[in-house]
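2 protein chains.
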Amino acid sequence: MVALNSQRIALIVQYQGTHFHGWQYQPGQRTVQSELETALGAVAGHPVRVHGAGRTDAGVHAAAQVAHFETPSPIPATKWARILNQHLPPDLNIRGSAAVPPRWHAQFSALWRRYRYTLYTDAIPNLFAQPFCWHYYHAPLDTEQMQAALTPLLGRHHLAAFRRAGSPRKDSWVTIQDVHCTRRPPFIEVEIQADGFLYGMVRLLIGVLIEVGNGVRSLESFQKIWVNQRRDLVKYSAPAKGLCLLRVGYPDFPFPKPLWFDTQPLLMFNPVT
Amino acid sequence: MVALNSQRIALIVQYQGTHFHGWQYQPGQRTVQSELETALGAVAGHPVRVHGAGRTDAGVHAAAQVAHFETPSPIPATKWARILNQHLPPDLNIRGSAAVPPRWHAQFSALWRRYRYTLYTDAIPNLFAQPFCWHYYHAPLDTEQMQAALTPLLGRHHLAAFRRAGSPRKDSWVTIQDVHCTRRPPFIEVEIQADGFLYGMVRLLIGVLIEVGNGVRSLESFQKIWVNQRRDLVKYSAPAKGLCLLRVGYPDFPFPKPLWFDTQPLLMFNPVT
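Those protein sequence lines, which keep their order, are chains R and U.
According to the working numbering, the first sequence holds residues 309 to 581 in order.
According to the working numbering, the second sequence holds residues 309 to 581 in order.
Take the hints with a grain of salt, since some may be wrong.
[Said to hold, decoys possible] Covered, in the sense of this in silico footprint (three residues per stretch, anywhere, with C-beta under 8 Å from a C-beta of chain U), are these stretches of chain R:
(1) 317-326
(2) 399-406
(3) 409-418
Hints were generated in silico from the structure; no laboratory data involved.
We treat Cβ as the ideally placed atom computed from N, Cα and C, and that holds for glycine.
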């Protein structure tokens, strides 16, 4: 129940997913939604329901997840970020808070989400990269082949091949707006922007894409998998810790760009003296 | 006691200092040395003493600390890194292991140590930067002034002003070989390379340097502090979490450069797309 004079507030939420059981509330589990709702309840003085733009899986990180909630509290919208951070654990951080119109919705108003998957390709383990990367050094990866496999995914496709069971969505249509595979030694990054993502989609896709990169699978074979919806051929889901929800796009977004645009957890290996 | 046929092995050690009570063994505390010696003992089957190049404080990180130990174990020297990592917690990682001559010593053979202190200067907190930076956004910092204050420190000086009590060293002479202050928005980095460091030296120095950066202290005033050994004027020690032992230099170092040179925990904020 929302009081007549309540206000709707949007949040930019950052988390290291390592010790979270994902975004969504689950009884008895530590989730981002639960931690947020506990902190919001403590500040607002009433139970608060939080709605997130994307339901990230257990272990997945977020550089700028977006969420909203409603409250009759007189606390000014922009003050919530700082106040909430005093109630949140060190692996969860609010980058900003702002008032939004009553019908603005973190999930349903979103035009796109952008995810990044990061591989660490050096044989020697690096402590600072481990929490944010899949350590893949078993074979060299051809990023040009990987990009060639990804480019045909641009546009609107039925991607049931890259969908785990248990999703509440009725169909598997996805419009991929941008997809890039970039080598930044010792990292390889795959960024995908789409109107929406299927349950487990990026990790399943990366699991097959790796086989293109290491030469085990041809471009044709990769394309046949998703064109023919061969979910049975998609056997491996890449580790959650390599995945990060980078950004969410809205037609009217009440935050200045630096708040949600430049915050991803990417380690820089600086070779200068 | 060391058996006649024992071998001396050097290690490159990486750790996130957040949950360590520093390098050195202390009864009842979680320290890097203790964790290493426990793992080494379990693998070698006998008690092992580890000698480190630098005794980092509680909360200080290391990208490439160096240590050595002796063992009669027949395990080949280069295999120790991988085996040890199976016995170590996720915030402690061995980058490499190699045989060294019997008189090679991680601490006494070292020619220099290089530390980096990192400031995060954006007002909005960033979760991924927090563990590795001092969040300083109270005033703009003039890095040219900071560099101007640092440059006269090059060379051999008596730096008792930047020394905490409790150090076992007899004197406070330090030869600073390199010192740089670099702005990489939203970060500012100060790197100092010296033959040795006094107890608490970098953090005390940064505590005063900040006052030069924000305009509270003149270049002359900064220089007078250390020239006149005015320890009483050095009141603030910068937070440990911003400090990282980057590298240690040796005349004969048995490791290839990528192992110890390009591993620091620096977050990259990539503004592309």
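These are the hints, each one checked on the structure:
1. 317-326: holds (count 3)
2. 399-406: holds (count 5)
3. 409-418: violated (count 0)
Checked against the numbered hints above, the structure breaks only hint 3 and satisfies the rest.
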